[in-house]
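211 is the number of the first residue of the sequence shown in this note's numbering; add one for each residue after it.
Some clues are possibly wrong.
Unchecked claim - In silico lysine to aspartate or glutamate, DMTMM-like type, Cα no more than 25 Å apart, as pairs:
hint, residue 1, residue 2
1, Lys599, Asp283
2, Lys599, Glu500
3, Lys481, Asp296
4, Lys325, Asp296
5, Lys599, Asp273
6, Lys481, Asp492
7, Lys573, Asp360
8, Lys508, Asp492
9, Lys573, Glu362
10, Lys573, Asp273
11, Lys481, Glu500
12, Lys325, Asp360
13, Lys325, Asp273
14, Lys481, Asp292
15, Lys325, Asp292
16, Lys481, Asp283
17, Lys508, Asp283
Said to hold, decoys possible - Derived DEER-like restraints, expressed as beta-carbon distance ranges:
hint, residue 1, residue 2, range
18, Phe491, Leu461, 24 to 32 Å
19, Val513, Asp360, 27 to 35 Å
20, Leu327, Leu580, 32 to 40 Å
21, Ala516, Asp273, 39 to 47 Å
22, Pro578, Met523, 20 to 28 Å
23, Val513, Leu443, 38 to 46 Å
24, Pro578, Phe491, 39 to 47 Å
25, Leu302, Tyr590, 41 to 49 Å
26, Pro574, Phe464, 15 to 23 Å
Hints in this document: simulated from the structure, not taken from any laboratory. Positions of the beta carbon are idealized from the N, C-alpha and C atoms, including for glycine.
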Amino acid sequence: MHLDPVQVVPERLRIGRRDWMMIALAFVVSRIALYCIGYFGAMHYNVETDFIDAINFVAAVEDDIPSMFCQFDCGWFQSIADVGYDTYPHGLTTGHAANWAFLPGFPMTGYWIGKVLGIGTLYGFYILTNLMFFVCLPLFFLCLRQLGQDLETARFGVWLLAFSPYSIYFIAPYTESTFLAFTMMVFLFSYRHRWLWVAVAGALMTATRNLGVMVVFSVAILAWQAYGWRELLRFGERSLRVLLTLWVIPLALFSYMLYLHLHVGDAFAFKNVQLAWGRVFDNPFHYWWEGFSTGGRKYYLSVVIALGWAMNMYLLYQRRYAEALFMLICTMVPLVTSTNAFPRYLFGLYPTMLVLVLWIRNKPMLRPLLLALSALLSAYFTIAWVNAKFFVV
Numbered sequence: 211m212h213l214d215p216v217q218v219v220p221e222r223l224r225i226g227r228r229d230w231m232m233i234a235l236a237f238v239v240s241r242i243a244l245y246c247i248g249y250f251g252a253m254h255y256n257v258e259t260d261f262i263d264a265i266n267f268v269a270a271v272e273d274d275i276p277s278m279f280c281q282f283d284c285g286w287f288q289s290i291a292d293v294g295y296d297t298y299p300h301g302l303t304t305g306h307a308a309n310w311a312f313l314p315g316f317p318m319t320g321y322w323i324g325k326v327l328g329i330g331t332l333y334g335f336y337i338l339t340n341l342m343f344f345v346c347l348p349l350f351f352l353c354l355r356q357l358g359q360d361l362e363t364a365r366f367g368v369w370l371l372a373f374s375p376y377s378i379y380f381i382a383p384y385t386e387s388t389f390l391a392f393t394m395m396v397f398l399f400s401y402r403h404r405w406l407w408v409a410v411a412g413a414l415m416t417a418t419r420n421l422g423v424m425v426v427f428s429v430a431i432l433a434w435q436a437y438g439w440r441e442l443l444r445f446g447e448r449s450l451r452v453l454l455t456l457w458v459i460p461l462a463l464f465s466y467m468l469y470l471h472l473h474v475g476d477a478f479a480f481k482n483v484q485l486a487w488g489r490v491f492d493n494p495f496h497y498w499w500e501g502f503s504t505g506g507r508k509y510y511l512s513v514v515i516a517l518g519w520a521m522n523m524y525l526l527y528q529r530r531y532a533e534a535l536f537m538l539i540c541t542m543v544p545l546v547t548s549t550n551a552f553p554r555y556l557f558g559l560y561p562t563m564l565v566l567v568l569w570i571r572n573k574p575m576l577r578p579l580l581l582a583l584s585a586l587l588s589a590y591f592t593i594a595w596v597n598a599k600f601f602v603v
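Taking the hints into account, I'd like the entire structure generated from these sequences.
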């Protein structure tokens, strides 16, 4: 029983030499452009960055750029890597925050990269962030091809991802590129019915961010679409592989919860400590509607939330049920506590980029316009980021 006629039969799709060159070019051009925009944006538009008094390439690469892009949660990642998890809350102005909110996958990998290369934790973060984003580009290309998109559409998808509106999270030392890469691996291997690799990628995804555990529902849907519920209920070899995959994916989060229980006495400390950031459980629709009446940054966030719901509906219209469910969960769970950071959660997801490509695939005349608009927004948000404008978060 195959529920999804759009999905192609799993096969070994390959990336040709020309497309590898295109992927490398998109990566290099986007990184250079965005880091330069951030550097000059901080130099000319932030009167407080008086430590940048002249253009010096070596100083910019070694000191200025790493410092100015390390904003907001970056400090928490550094504290985990360099000191370890807190034994009691002490952060923020209220003194109630702790680094328990962040899983160890990203900070500890960055730490070991920095240690092995002898360059320090922060530089390790930048290497990890950019390396994983480079991995995202061919993965997105393969996902689009696996779903039956033509070469030109897949190539456009690579450029759109390279200059996505919230690219700032793919160049700053944040978890987004790592999470996105593992998410794409999960979906690509699920499309191909390679369940062992789905389990590995899913576990690593969960070790990066707690919402990664929610991908089990999408994996189950893709398995159902591939085999049908009758075969899955027979508990044959293929259904047992799927079942094992669904058990393996949450192990990283369960291990972290056990650690928190032993370390601070609260297995759900990663969730409970969110109160320190003003996140209080409430009706998500209340938060959304309140944003329009509050105005300012909240109005902007509510507009983006509405856009996210429209994207979700489009995925359902396209019968991409697994991707739609994952997108819904990964955006609605944060929304039950606040509208803050919603654009980050939305545009750091594989289904979001998939929506944009699917929507534009039959509109070749609009592709340059969408890419240009996306690039302009990425530049705008990058400048806002290095100047510590909180509305970006």
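To see whether the hints hold, each was checked on the structure:
{"no.": "1", "hint": "Lys599 - Asp283", "verdict": "14 Å, holds"}
{"no.": "2", "hint": "Lys599 - Glu500", "verdict": "22 Å, holds"}
{"no.": "3", "hint": "Lys481 - Asp296", "verdict": "15 Å, holds"}
{"no.": "4", "hint": "Lys325 - Asp296", "verdict": "21 Å, holds"}
{"no.": "5", "hint": "Lys599 - Asp273", "verdict": "21 Å, holds"}
{"no.": "6", "hint": "Lys481 - Asp492", "verdict": "14 Å, holds"}
{"no.": "7", "hint": "Lys573 - Asp360", "verdict": "13 Å, holds"}
{"no.": "8", "hint": "Lys508 - Asp492", "verdict": "16 Å, holds"}
{"no.": "9", "hint": "Lys573 - Glu362", "verdict": "12 Å, holds"}
{"no.": "10", "hint": "Lys573 - Asp273", "verdict": "43 Å, violated"}
{"no.": "11", "hint": "Lys481 - Glu500", "verdict": "23 Å, holds"}
{"no.": "12", "hint": "Lys325 - Asp360", "verdict": "43 Å, violated"}
{"no.": "13", "hint": "Lys325 - Asp273", "verdict": "18 Å, holds"}
{"no.": "14", "hint": "Lys481 - Asp292", "verdict": "22 Å, holds"}
{"no.": "15", "hint": "Lys325 - Asp292", "verdict": "10 Å, holds"}
{"no.": "16", "hint": "Lys481 - Asp283", "verdict": "16 Å, holds"}
{"no.": "17", "hint": "Lys508 - Asp283", "verdict": "20 Å, holds"}
{"no.": "18", "hint": "Phe491 - Leu461: 24 to 32 Å", "verdict": "26 Å, holds"}
{"no.": "19", "hint": "Val513 - Asp360: 27 to 35 Å", "verdict": "33 Å, holds"}
{"no.": "20", "hint": "Leu327 - Leu580: 32 to 40 Å", "verdict": "38 Å, holds"}
{"no.": "21", "hint": "Ala516 - Asp273: 39 to 47 Å", "verdict": "41 Å, holds"}
{"no.": "22", "hint": "Pro578 - Met523: 20 to 28 Å", "verdict": "26 Å, holds"}
{"no.": "23", "hint": "Val513 - Leu443: 38 to 46 Å", "verdict": "44 Å, holds"}
{"no.": "24", "hint": "Pro578 - Phe491: 39 to 47 Å", "verdict": "43 Å, holds"}
{"no.": "25", "hint": "Leu302 - Tyr590: 41 to 49 Å", "verdict": "27 Å, violated"}
{"no.": "26", "hint": "Pro574 - Phe464: 15 to 23 Å", "verdict": "47 Å, violated"}
Consistency with the previously given hints fails for numbers 10, 12, 25 and 26, ordered from lowest to highest.
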